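**Q** Each chain, letter by letter, is given below.
There are 4 protein chains.
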Amino acid sequence: MIKVPTARPLPLPTWPDSADAALSLTFDVDAETGWLGYSRFNEIDYSKWLTVMSDARYGIVRGIPRILALLDQFGIKGTFYTPGATAERYPEVLREVVAAGHEIAHHGHLHIRPNLLDRDGQREELVRGIDALETTLGVTPTGYRAPAGIMTPETFELLVELGFTYDSSCMGDDRPYIEEYEGRSILELPSHWSTDDWPHFGWNLDSGTAGPADQDAFVRTWMGEFESTLEEQRHLTYVMHPEVIGRGYRMLALRELLERIRDSANVIYLTHAELAELVAPAGIDSL
Amino acid sequence: MIKVPTARPLPLPTWPDSADAALSLTFDVDAETGWLGYSRFNEIDYSKWLTVMSDARYGIVRGIPRILALLDQFGIKGTFYTPGATAERYPEVLREVVAAGHEIAHHGHLHIRPNLLDRDGQREELVRGIDALETTLGVTPTGYRAPAGIMTPETFELLVELGFTYDSSCMGDDRPYIEEYEGRSILELPSHWSTDDWPHFGWNLDSGTAGPADQDAFVRTWMGEFESTLEEQRHLTYVMHPEVIGRGYRMLALRELLERIRDSANVIYLTHAELAELVAPAGIDSL
Amino acid sequence: MIKVPTARPLPLPTWPDSADAALSLTFDVDAETGWLGYSRFNEIDYSKWLTVMSDARYGIVRGIPRILALLDQFGIKGTFYTPGATAERYPEVLREVVAAGHEIAHHGHLHIRPNLLDRDGQREELVRGIDALETTLGVTPTGYRAPAGIMTPETFELLVELGFTYDSSCMGDDRPYIEEYEGRSILELPSHWSTDDWPHFGWNLDSGTAGPADQDAFVRTWMGEFESTLEEQRHLTYVMHPEVIGRGYRMLALRELLERIRDSANVIYLTHAELAELVAPAGIDSL
Amino acid sequence: MIKVPTARPLPLPTWPDSADAALSLTFDVDAETGWLGYSRFNEIDYSKWLTVMSDARYGIVRGIPRILALLDQFGIKGTFYTPGATAERYPEVLREVVAAGHEIAHHGHLHIRPNLLDRDGQREELVRGIDALETTLGVTPTGYRAPAGIMTPETFELLVELGFTYDSSCMGDDRPYIEEYEGRSILELPSHWSTDDWPHFGWNLDSGTAGPADQDAFVRTWMGEFESTLEEQRHLTYVMHPEVIGRGYRMLALRELLERIRDSANVIYLTHAELAELVAPAGIDSL
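Chains as they are written, first to last, in the working numbering: chain R, 1 to 287; chain Y, 1 to 287; chain E, 1 to 287; chain S, 1 to 287.
Calculated from the structure, these hints are not laboratory results. Model, not experiment: these values are computed from the prediction. There could be a bad hint or two in this list.
[As the list claims (entries may be wrong)] Coverage of chain E stretches by chain S, computed from C-beta distances (three or more under 8 angstroms per stretch; other residues unrestricted): (1) 3 to 10; (2) 102 to 111; (3) 190 to 199; (4) 228 to 235; (5) 244 to 257.
Glycine residues also receive a C-beta, built at the ideal position from the N, C-alpha and C atoms.
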């Protein structure tokens, strides 16, 4: 039988404040890094496609401020998965994120897809990312999400070796669980494409796969996943990108989603670090 | 004239219980097999893309239990097209499916697309799949659906040779009929992309062709096909994948669909084996 | 300046029966030919992909009968662009189309994209298509629509040489007009992707570009183009494929569209041949 | 750190006439040029795909007249980004645009993507485009939008060297700002894919990535961005193509959008040249 990773379920905790369900708003602050990292392995040097660079930068200039204001309005703390190179390029903006009390987690250094790197290359990406977040923001990340959501066996091994508390790259459940591979295990706070803003809104000359969703369909889809979450009193992670969700009409849609959620149930918003603390069992490798 | 397969229509039976129409809920339990089978013929070894593996596994961990609960709630028996390797990897979950009275049918062993294999390779896939289902679940499948819906002349010949009662890979009608090729014939219980959940919801880095449909559009589309079915008092097969339909908000959509169908007509749900028995004429090869 | 084709507008006629606008329902009866023609120039031999063949055949088995019934119900005569090889393979079904008073027009012989053929190859496709329609159906087509909508300079020249009255491959207007190239001209009864069913509903493993549209969005889009047509008192051609529009829920959508059109204005339905007669000026090459 | 372009924000001006927000309707008059320019670097000679040529020409024959009538009805002056070769091929139509008081801006000569050209090639495209607009229309463009939205370092340098007042290729903000690169700067009047009609409606055999959006979803999306604009009292640029938005049902949707905007706020429509004058600071290179 071909060897594949396995999973171990975790019991759902009682949510703080008698909440009916728990949510996490997470943001992958890719900015230019996704394109620059991709350019290393492709013919196009995207650093010279000024338009693409500007679209990526939009997440920093417009997306983050709007997101910070919205989170403040709703009293929510979010988790910002930040490539090290993004922190180095935009230290002030990211320091505002930290100052507002949000969590900073690891999202590679130059957002290089792990499958394009050997073990040493992956290690360098991880260590440089940690260093950049520590040096620039004074933060040591305890959680990780793989660039493009691609985790390999080497990534898994390195996350354990480097002492990460949790990972948020896998999709094997919609509740926190333990991902296991080759005798190692890590606390998994799962994500999924259907609650990621890119498959709904993403579009550019090279990789957009569909026209931008209309915002009503988007709200309906994400509200639908919330209703399932509420019914099961479980947890739900939304994955967003400041350059995607940060566009004007999409921020209005996100605000509408948060209002509708607020009006329909007693929910608690947790950063991924807070969630990890609530659900993590003793004795797994990643702790 | 280039030789192509042909079809022979069958009369619609009188549905049991004076039902106005008949429906079959079918589930392709691909889990990791689709990716692993694909890796044999491509450069990427998906067994090392842990994220992809986890998304595939979701169908087993979350999809199947939700599906079993929903079918139980509505008193419906479904047909689970199960690759042999899935049964070997998750025997307990599949035994629960059997124990709940659902049908197990054949869906390849490692979900290898038949067009990628020669006759011997296809034969091995079929025989190993049968063996795995018999050994693991104690079930001998009488029906078959080709992985990725790709049936070749060799597949057709082998299905007849191995004595399958029916096939559910072709799309030449929306009522049961006889598919004919090279003098052989088999009872066909047809499927179609428009009543398959993947073209509506499927998305991943490599092959998603559109953003996830919103659930209202999905329910409307499938409800529309049901209305046509009801008008013609025919049969309708829905094709689903536990890792696709099994996501939270999609299961709510499926529940809504089943409720709306229940409220609008007197329908009967049949497994494909039950349907085959109702409609099959005597004397075709596949019987 | 790079040489490109040009256009000459035509005055809109007064519609018969004091109609406010005129519509044409057209059907490209591709059946298996599109796949078989494509296989000549590609590695995959689709005649061996039995599932694909069966999906294509659906248009004949289910699509055409439903379409004939619907047209009869509304008292509409349509235009069926029929590849010669389709007529040869399914002469009885196409004879029913003729017997019901609908127009048969030319759509290649094996539906080979003209750009894949040199002038001789294109000539053969055209002549074989004419022969097949004459021999099988006793009909000499006066109009043409290029397979996949790809008309080349050779096609244009051959249409004029062979004495076709009109073409329906181009998209340079939404009213009948004269398409001109290299001193030749032909009466053009234009089509467009947005009023073609394939971009809305088409999906298969190889070329579907989006999940199937939901039928409400489809009706809304086509109703919108009708409203524009009505406002301008012009003509509108809908392009459909029996294997695409002929699916159950889509036929219900088409019926709804025709009902809504009927309820909102006094329109006249014309075959393309009837339209050509109404609008064609004297002295163009194609007459 | 990899060198990328940067941005400098500009203060929002007080809008004339006490308007709550400002909008610009812009049209990229590609016509055949996009296909012809593309053919220079690809195997297919699109000048011989007569259907594609006719679809492109539709923007001139049908799109522009409808757009001019609509703008006149609403008393709006727009900005027409016009490739030089389009002006040369259709001088009369473009002169009508000028005569109606609209702005003509630069959009390359043969709509060749800048990344496909070296510095000399780009210079030639820019200079030929300017010459064509001056010679044919008597207009010297002061603004530029890169074909396919691809601006390279060479383009940036040349825009400054040739004295352009503003650029509208980048996406780094949704308010006018200063784009900076290698010590140069230019006034940027940004655009974005989500307010571009192509990702919503575009479809053809070669590059359509999704079926045509239904017009309600389109209006909802663009109205959503307007609501965000109004809330922030900022500026918004819509990007359209006459061959895309100019289709009948899409023009009805655009009209509905303009009506809904008119009914919901006091907005002012500015050409990009007017906007540039309002917001441009002294002393940047591009002035």
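**Q** Need the list of violated hint numbers for this structure, in ascending order.
**A** Violated hints (numbers, rising): 2, 5; every other hint is consistent with the structure.
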